[in-house]
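**Student:** The lines below spell out each chain.
There are 2 protein chains.
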Amino acid sequence: MSITIYDIAEEADVSIATVSRAFNNHPRVSSKTRKRIFEIAERHNYQPNASAQSLARKNTYLISAIIPMMANYFFLEVIRGLQDRIFGSEFDLTIYPVIDPGQAPAQLERAMQRGRSEGMMLFSTWLTDDQADWLSAFPQPVILVDSHHELFDSIAVDNRKGGEMAVTHLLQTGFRRIGLVTANLAAVPARDRKIGYKRALQKAGIPFDPTLVVESKDVVVHGFSEECGYEDTLRLLAQAQDIDAIFATSDVQALGALRAFREVGLRCPEDIALMGYDDVKLAAFAGLSTIRQPMNTLGNLAVEYFFKRLEDPNAEVTHISLRPEVVARNTSAKLG
Amino acid sequence: MSITIYDIAEEADVSIATVSRAFNNHPRVSSKTRKRIFEIAERHNYQPNASAQSLARKNTYLISAIIPMMANYFFLEVIRGLQDRIFGSEFDLTIYPVIDPGQAPAQLERAMQRGRSEGMMLFSTWLTDDQADWLSAFPQPVILVDSHHELFDSIAVDNRKGGEMAVTHLLQTGFRRIGLVTANLAAVPARDRKIGYKRALQKAGIPFDPTLVVESKDVVVHGFSEECGYEDTLRLLAQAQDIDAIFATSDVQALGALRAFREVGLRCPEDIALMGYDDVKLAAFAGLSTIRQPMNTLGNLAVEYFFKRLEDPNAEVTHISLRPEVVARNTSAKLG
DNA sequence: GTGAAAGCGCTAACAT
DNA sequence: ATGTTAGCGCTTTCAC
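Protein sequence lines, in the order shown, are assigned to chains H and E. First residue of the first sequence: 1, per the numbering used here; consecutive thereafter. First residue of the second sequence: 1, per the numbering used here; consecutive thereafter.
Heads up, some of the hints might be wrong.
One copy or two, either will do: identical chains are not told apart, so a pair holds if it fits within one copy or between any two.
Claimed, not checked - Cut-off 25 Å, straight-line C-alpha distance, at most; resulting in silico cross-link-like pairs (SDA-like, lysine to any residue):
hint	residue 1	residue 2
1	K217	G102
2	K161	T33
3	K35	L135
4	K217	A284
5	K58	N24
6	K217	P101
In case anyone wonders, no lab produced these hints; they're calculated from the structure.
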């Protein structure tokens with residue numbers, strides 16, 4: 001088999017304890033033997049066996065992140081935030097990707113297995129109470145990112161506020177008949193953004209008009225796609241009267257809306273304004289006004305709270321709600 | 001501490017061996033005791049310790065994938081391909097993200113540590129010979145994806161062919177003075193695509209004109225960015241005579257080119273045509289003609305060859321070269 | 001400063 | 001069908 005601590009010990013004519021100490025930078029190893037050990041290890045390309053270390057130490061120095069990868073750009077930025085904060089620590093990040101929602105439970109189970117990692121960060125996944133109970137039975141920390149449940153520390157962006165900000169921005173720019181192209185309301189973020197939409201109208205004293213709202217019935221990606229945005233926008237345009245602006249619950253949907261506009265010959269923002277949500281790279285390119293989520297911060301804080309929880313498992317549960325930000329570009333520009 | 005196989009054994013009044021067998025679906029456990037064991041395990045929320053299992057089995061059932069995450073959309077699709085093929089197997093995928101190229105060596109070392117995984121798939125990373133030697137000293141399989149080195153199995157897309165196809169497409173559509181906006185030639189894919197560019201010209205009997213070429217000097221992302229594409233295109237337009245088309249070595253650069261066109265008042269494709277490379281989502285939205293890489297297939301094959309190598313470590317090294325595909329959209333449309 | 005030895009939690013012969 | 005036992009490769013007391 002592979003070379004072990006025993007082989008090194010034998011060749012260096014010391015005990016395995018000394019070899020182990022040398023590798024763990026234990027102070028009480030004479031620099032002479034330390035040097036000899038390293039030299040031999042180097043020569044044999046020796047590396048400690050991670051499983052054996054974990055077993056003996058009862059520690060893996062690994063953090064699992066479970067990330068649904070449908071929201072392509074969003075999670076990339078979040079991962080960047082994770083890495084920034086983790087790099088330089090003793091810890092290492094491993095990502096369990098979830099492509100199809102059906103894979104989530106299996107990945108959860110794997111990530112939580114004892115001896116795999118110290119705990120996990122779960123992204124953009126809404127837990128049922130059953131799942132939450134199951135998870136909370138584990139001793140390892142679980143941090144929720146971009147979602148919420150009372151049992152776990154969570155870091156999320158305030159979607160209601162974000163929805164409200166989007167619509168308020170449109171109102172302040174001078175638009176009045178504002179439509180909503182929303183993803184499937186089975187998705188909590190969509191639901192929250194819609195609540196924000198209504199709240200903004202209410203604050204402005206504008207009555208809610210259901211003919212100005214279309215909801216995606218898609219269940220695969222919950223309507224968070226260009227195609228859905230395109231179709232739903234066409235539906236909305238067909239049914240709505242005097243509409244002069246649209247708030248779409250994501251940037252990709254908004255891009256679909258833009259395509260729909262082009263197709264029916266509407267200029268944006270001259271004939272109809274548009275707000276997206278997320279601020280993905282595409283948005284800047286398309287000149288799309290949108291609501292930016294602090295994705296890097298999300299990642300940073302996730303690691304932060306993970307470490308906190310690791311230190312003090314009994315600390316009170318913390319919920320952080322970050323504020324999104326309006327990014328005004330072309331599609332919501334004031335006219336004249 | 002946490003509950004172990006011993007606790008279960010004691011409570012079920014059997015030996016640990018029986019408990020182990022029950023969990024590993026060994027046939028020779030009476031269904032009565034099996035049931036009892038499961039019941040007790042369930043009650044205590046028992047899970048085997050992964051480190052202990054790996055140590056005893058000498059097997060982790062884990063595959064490491066090292067993925068540089070700068071090329072945002074590309075790797076997403078590849079991961080999808082990986083997952084598709086891996087899901088349902090005994091194996092599990094863990095991703096070691098590389099955000100900053102400087103993190104790569106550390107991640108490599110971690111992923112290759114014995115007891116961590118069965119081996120790794122390394123994405124879009126060109127190995128120096130020293131690195132390759134170092135890696136090849138490990139017994140674990142290493143599969144190269146989107147890059148190439150003679151020592152390892154590799155799966156890549158033929159970038160020379162792709163470059164040639166892009167330019168040939170432009171020529172066939174009727175363009176003659178074709179410029180090249182290339183990423184830093186330190187990046188092997190850029191180099192290969194440029195070779196393709198030259199080859200296409202040569203086959204068409206058109207002499208190579210260096211004033212039609214600009215290369216990014218960026219070293220961070222090697223010029224694969226919208227900003228670089230924008231600036232380099234402006235440079236090219238300033239120096240080139242009678243240019244009627246541009247081939248950019250990536251879609252993001254091409255988007256930058258599009259912005260540059262708008263800025264100097266050039267219509268595309270009426271005044272100048274454009275080809276990108278990759279076929280990211282943005283490309284379809286922008287109506288950008290481009291070269292599509294079979295990203296899903298790349299992921300699928302990576303797993304395929306990983307398993308093959310695991311089965312037969314001494315099999316001959318395989319190099320697969322996939323063919324890209326022309327996607328003709330608006331920016332290379334024939335006029336009139 | 002170094003060694004001996006007892007685990008860590010599990011698997012897998014080898015018995016019975 | 002089940003138990004005994006010897007590892008797997010390492011860490012960590014406790015001696016000296």
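**Student:** With identical chains, the pair K217 and A284 could be close in the same copy or across copies; at 25 Å between alpha carbons, which is it: within, between, both, or neither?
**Tutor:** between (28 Å within a copy, 24 Å between copies)
**Student:** 25 Å Cα cut-off: does K35 pair with L135 within a copy, between copies, both or neither?
**Tutor:** between (46 Å within a copy, 24 Å between copies)
**Student:** Pop the pair K217 and G102 into one bin, within, between, both or neither, using alpha-carbon distances up to 25 Å.
**Tutor:** within (19 Å within a copy, 44 Å between copies)
**Student:** If the cut is 25 Å between Cα atoms, do K217 and P101 qualify within a copy, between copies, both or neither?
**Tutor:** within (17 Å within a copy, 42 Å between copies)
**Student:** Is it within, between, both or neither when you check K58 against N24 at 25 Å Cα-Cα?
**Tutor:** Cα proximity of K58 and N24: in one copy and across copies (15 Å, 23 Å).
**Student:** Quick one: K161 to T33, C-alpha cut-off 25 Å, is that within a copy, between copies, both, or neither?
**Tutor:** This pair counts as neither: shortest intra-copy Cα distance 62 Å, inter-copy 56 Å.
Taken one by one, the earlier hints fail for this structure only at number 2.
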